[in-house]
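**Student:** Here is how the chains run, residue by residue.
Number of protein chains: 2
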Amino acid sequence: MSFIGWPVPEPVIPEGTHPALADATRAAVAAFAGARAKHTRADLAEKVQMGADGTPTMRLDILVDTAVAEVVDKHRVNLLSEEIGVIDHGSSVTLVVDPVDGTANAAAGVPLSAFAGVVAVDGVATEALTCWLDTGRCWHAVAGQPTPYRTTGRRELDGAAVSLLRPHGSDDAAWWRVAKRASRVRILSTSCLEAALVAEGSTDAFADAGSDTHRIMDLAAAMVMVPAAGGAVLDVNGRPLEIDPDLTRRWSGVVAATRELAEELVSTLKEKP
Amino acid sequence: MSFIGWPVPEPVIPEGTHPALADATRAAVAAFAGARAKHTRADLAEKVQMGADGTPTMRLDILVDTAVAEVVDKHRVNLLSEEIGVIDHGSSVTLVVDPVDGTANAAAGVPLSAFAGVVAVDGVATEALTCWLDTGRCWHAVAGQPTPYRTTGRRELDGAAVSLLRPHGSDDAAWWRVAKRASRVRILSTSCLEAALVAEGSTDAFADAGSDTHRIMDLAAAMVMVPAAGGAVLDVNGRPLEIDPDLTRRWSGVVAATRELAEELVSTLKEKP
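Quick note, the sequences are listed as chains A and B, same order. The letter at position 44 of the first sequence is residue 44 when you use our numbering, and the numbering goes up by one with no holes. The letter at position 271 of the second sequence is residue 271 when you use our numbering, and the numbering goes up by one with no holes.
Please note that a few of the clues may not be correct.
Stated by the list, open to error - Non-contacting residues of chain A with respect to chain B, defined by C-beta distances greater than 10 angstroms in every case (computed):
| id | residue |
| --- | --- |
| 1 | Met50 |
| 2 | Asp88 |
| 3 | Arg166 |
| 4 | Thr268 |
Stated by the list, open to error - Derived DMTMM-like pairs (lysine to aspartate or glutamate); straight-line CA-CA distance at most 25 angstroms:
| id | chain 1 | residue 1 | chain 2 | residue 2 |
| --- | --- | --- | --- | --- |
| 5 | B | Lys38 | B | Glu10 |
| 6 | A | Lys180 | B | Glu46 |
| 7 | B | Lys180 | A | Glu46 |
| 8 | A | Lys272 | A | Glu260 |
| 9 | B | Lys270 | B | Asp172 |
| 10 | A | Lys47 | B | Asp158 |
| 11 | A | Lys270 | B | Asp172 |
| 12 | A | Lys272 | B | Asp172 |
| 13 | B | Lys74 | B | Glu10 |
| 14 | A | Lys180 | B | Asp73 |
| 15 | A | Lys74 | A | Asp158 |
| 16 | A | Lys47 | A | Glu15 |
| 17 | A | Lys180 | B | Glu260 |
| 18 | A | Lys180 | B | Glu271 |
| 19 | A | Lys270 | A | Glu260 |
| 20 | A | Lys47 | B | Glu156 |
| 21 | B | Lys180 | A | Asp23 |
| 22 | A | Lys180 | A | Glu260 |
| 23 | A | Lys74 | A | Asp23 |
| 24 | B | Lys270 | A | Glu10 |
| 25 | B | Lys272 | B | Asp212 |
| 26 | B | Lys270 | B | Asp235 |
| 27 | A | Lys38 | A | Glu15 |
| 28 | B | Lys38 | B | Glu70 |
| 29 | B | Lys47 | B | Glu70 |
| 30 | B | Lys270 | B | Glu260 |
| 31 | A | Lys270 | A | Asp172 |
| 32 | B | Lys74 | B | Asp122 |
| 33 | B | Lys272 | A | Asp23 |
| 34 | B | Lys180 | A | Asp212 |
| 35 | B | Lys180 | A | Glu10 |
| 36 | A | Lys74 | A | Asp122 |
| 37 | B | Lys47 | A | Glu156 |
| 38 | A | Lys272 | A | Asp235 |
| 39 | B | Lys47 | A | Asp158 |
No lab work stands behind these hints, which were simulated from the structure alone. Virtual Cβ for every residue (Gly too), placed ideally from N, Cα, C.
One chain only, chain A, in its complex shape (with noise of 0.2 angstroms):
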């Protein structure tokens, strides 16, 4: 049984950030390095529950996801999670919280996994955090407020560089009329990672080509750092991007250094085979 070697450092949090979403991103790292140094690749991996949107967790989301209510029960602040789902302690203040994005690549030791978390102040994203977990590296973005976040610019779908998560089946063909015009292709397999890549500049757009596999905690923090840089999130099939307590939701999000490339880029996907 392996377990993954490497440190997980401390999160370099931007002054300013919200106290229950500085305190959350801390306590989610902190659960994160115990739960590397405790258990092995194959315990983390173990799907030992099922989630609040449905789909079977995994023992490493658990751990990091019950640190994370801890703090917003401390803050008497809402929580919207993938896994626990729901805490409603009254407030104005929801946290929408990824609390493992990448969770396949956090399980394997593959370095590419983040915590993301939004504020929600009645139901609308006002402030967001990336946290790559495996570095520490931090994006923090306030709406309407300047933001060191610029994204490329690029208009243009063909040859751009864009990330894409894995083909699911059902959008093969799309997956693959993207992947012919771009003139670099990656798969990093962490939603909110790719998006704070899209929007500091370091790559052109990332998409779900249309599998659906999307909760809206794998967008609200580009909801509202990529705008704010520049750039755009859409849903490949025109559904609004909202903050919504049901779980069952999915979205094939886009998410683009500018609205024409995100346009495009839903055509594309979208174009009858």
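Based on these hints, arrange chain B on the given structure of chain A.
**Tutor:** Same frame as chain A, now just chain B:
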């Protein structure tokens, strides 16, 4: 014009590393950090000359390779490098170096790039060091000595986690055959890091699906590290993997957790469509 804002940590080089290899790694990391501090993404990626391997060379590659060449001159060992080619000091020791593996990632700011160096004595690879430039993590192995790395031990392709080079046109059908049988597919665009993840048991295999993109420096570190960890390195077309100053030679490398899995990948990639 945008700079990449993230720091480049010092490499964590294990004790006992060959002094020329350790110095080359330190010099490469320092040059990489300097290049990122001084040049924008566009400047780093600018193709400034033709490399010794016959492909255009980015400014970032040149800056790092030049730093490595200075170390080689100081230690009076030979160099075999993607960009500069051969430096012959008449030594029995040759450093086989990929100065920046995953250059496109590195120049764009996708934090997945590596320095990979191998010590070859009279043409035989004896020691390998792969350093993840964005975090300072290093993987080190010496041929014939025990290693802390252990592959997953997986023998079957069905359900495996496989990293692939992006499809290149000529190998589209083969790429798709493997993608459909694997349970997870990743494209990280950095061969040396992907091989290190196979060695340490974080993923089951990595392959060039048949595009003949690999040069010997893309595979040399894996040739030391992966067999020591229980895995195997093969070429899709059965060509012997040899350290050769002829840098026009190409391979389609298959790096896998076991010989059985490597052979199944080769036979799957070679099937007639």
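**Student:** Confirm or reject each hint.
**Tutor:** Now the hints, each set against the structure:
The beta carbon of Met50 (chain A) sits about 20 angstroms from the closest Cβ of chain B, which is more than 10 angstroms, so the claim that it is off the interface holds. For Asp88 (chain A), the condition that its CB be more than 10 angstroms from all CB atoms of chain B holds, with the nearest at approximately 35 angstroms. Not every CB of chain B is more than 10 angstroms from the CB of Arg166 (chain A) (nearest about 5 angstroms), against its label as outside the interface. The Cβ of Thr268 (chain A) lies farther than 10 angstroms from every Cβ of chain B, with a closest approach of about 17 angstroms, so its non-interface assignment holds.
At most 25 angstroms may separate the alpha-carbon atoms for a hinted pair to count; Lys38 (chain B) and Glu10 (chain B) meet this at roughly 18 angstroms. Note on Lys180 (chain A) and Glu46 (chain B): the hinted pairing holds, with a Cα-Cα distance of about 23 angstroms set against a maximum of 25 angstroms. With a C-alpha separation of about 23 angstroms, the suggested pair Lys180 (chain B) and Glu46 (chain A) falls inside the 25 angstroms cut-off, and the hint holds. For the proposed pair Lys272 (chain A) and Glu260 (chain A), the alpha carbon gap of about 20 angstroms is at most 25 angstroms, so the pair holds.
For the suggested pair Lys270 (chain B) and Asp172 (chain B), the alpha carbons sit about 12 angstroms apart, so the restraint of at most 25 angstroms is met. With a CA separation close to 20 angstroms, the supplied pair Lys47 (chain A) and Asp158 (chain B) stays within the 25 angstroms bound. With a C-alpha separation of about 22 angstroms, the suggested pairing of Lys270 (chain A) with Asp172 (chain B) holds against the 25 angstroms cut-off. Of the supplied pair hints, the one linking Lys272 (chain A) and Asp172 (chain B) holds, its CA atoms being roughly 21 angstroms apart against a limit of 25 angstroms.
As the CA atoms of Lys74 (chain B) and Glu10 (chain B) are separated by approximately 21 angstroms, the hinted pair is consistent with the 25 angstroms bound. Proposed proximity of Lys180 (chain A) and Asp73 (chain B) is contradicted: the alpha carbons are some 44 angstroms apart, above 25 angstroms. Taking the CA atoms of Lys74 (chain A) and Asp158 (chain A), the gap is about 49 angstroms. The hint is violated against a cut of 25 angstroms. With a C-alpha separation of about 36 angstroms, the suggested pair Lys47 (chain A) and Glu15 (chain A) falls outside the 25 angstroms cut-off, and the hint is violated.
For the hint linking Lys180 (chain A) to Glu260 (chain B), the alpha-carbon distance of about 32 angstroms lies beyond 25 angstroms, and the restraint is violated. A distance of roughly 22 angstroms separates the Cα atoms of Lys180 (chain A) and Glu271 (chain B); the hinted pair therefore holds under the 25 angstroms criterion. The hinted pair formed by Lys270 (chain A) and Glu260 (chain A) meets the criterion: a straight-line CA distance of about 15 angstroms does not exceed 25 angstroms. Proposed proximity of Lys47 (chain A) and Glu156 (chain B) is supported: the alpha carbons are some 22 angstroms apart, at most 25 angstroms.
With a C-alpha separation of about 41 angstroms, the suggested pair Lys180 (chain B) and Asp23 (chain A) falls outside the 25 angstroms cut-off, and the hint is violated. Simply put, Lys180 (chain A) and Glu260 (chain A) have alpha-carbon atoms about 19 angstroms apart, close enough for the 25 angstroms limit, and the pair holds. Of the supplied pair hints, the one linking Lys74 (chain A) and Asp23 (chain A) holds, its CA atoms being roughly 10 angstroms apart against a limit of 25 angstroms. Between Lys270 (chain B) and Glu10 (chain A) the CA atoms are separated by roughly 46 angstroms; this puts the pair beyond 25 angstroms, and the hint is violated.
The hinted pair formed by Lys272 (chain B) and Asp212 (chain B) meets the criterion: a straight-line CA distance of about 17 angstroms does not exceed 25 angstroms. Proximity of Lys270 (chain B) to Asp235 (chain B) is assessed by CA-CA distance (about 11 angstroms); at most 25 angstroms being required, the pair is judged to hold. Annotation: proposed proximity of Lys38 (chain A) to Glu15 (chain A) is violated, straight-line Cα distance about 31 angstroms (limit 25 angstroms). Of the pairs offered as hints, the one joining Lys38 (chain B) and Glu70 (chain B) holds, with about 20 angstroms between alpha carbons and a cut-off of 25 angstroms not exceeded.
Our distance criterion of 25 angstroms between C-alpha atoms is met by Lys47 (chain B) and Glu70 (chain B), whose separation comes to about 22 angstroms. Only pairs whose Cα atoms come within 25 angstroms are accepted, and Lys270 (chain B) paired with Glu260 (chain B) is accepted, the gap being roughly 15 angstroms. The suggested pairing of Lys270 (chain A) with Asp172 (chain A) holds, with an alpha-carbon distance near 12 angstroms, which does not exceed 25 angstroms. For the hint linking Lys74 (chain B) to Asp122 (chain B), the alpha-carbon distance of about 20 angstroms falls within 25 angstroms, and the restraint holds.
Proximity of Lys272 (chain B) to Asp23 (chain A) is assessed by CA-CA distance (about 56 angstroms); at most 25 angstroms being required, the pair is judged violated. Restraint check: the Cα-Cα separation between Lys180 (chain B) and Asp212 (chain A) comes to about 19 angstroms, which is no more than 25 angstroms; the hinted pair holds. For the suggested pair Lys180 (chain B) and Glu10 (chain A), the alpha carbons sit about 38 angstroms apart, so the restraint of at most 25 angstroms is broken. For the hint pairing Lys74 (chain A) with Asp122 (chain A), the CA-to-CA distance comes to about 20 angstroms; that is within 25 angstroms, so the pair holds.
For the given pair, Lys47 (chain B) sits about 22 angstroms from Glu156 (chain A) by alpha-carbon distance, which is consistent with the 25 angstroms threshold. Only pairs whose Cα atoms come within 25 angstroms are accepted, and Lys272 (chain A) paired with Asp235 (chain A) is accepted, the gap being roughly 17 angstroms. At most 25 angstroms may separate the alpha-carbon atoms for a hinted pair to count; Lys47 (chain B) and Asp158 (chain A) meet this at roughly 20 angstroms.
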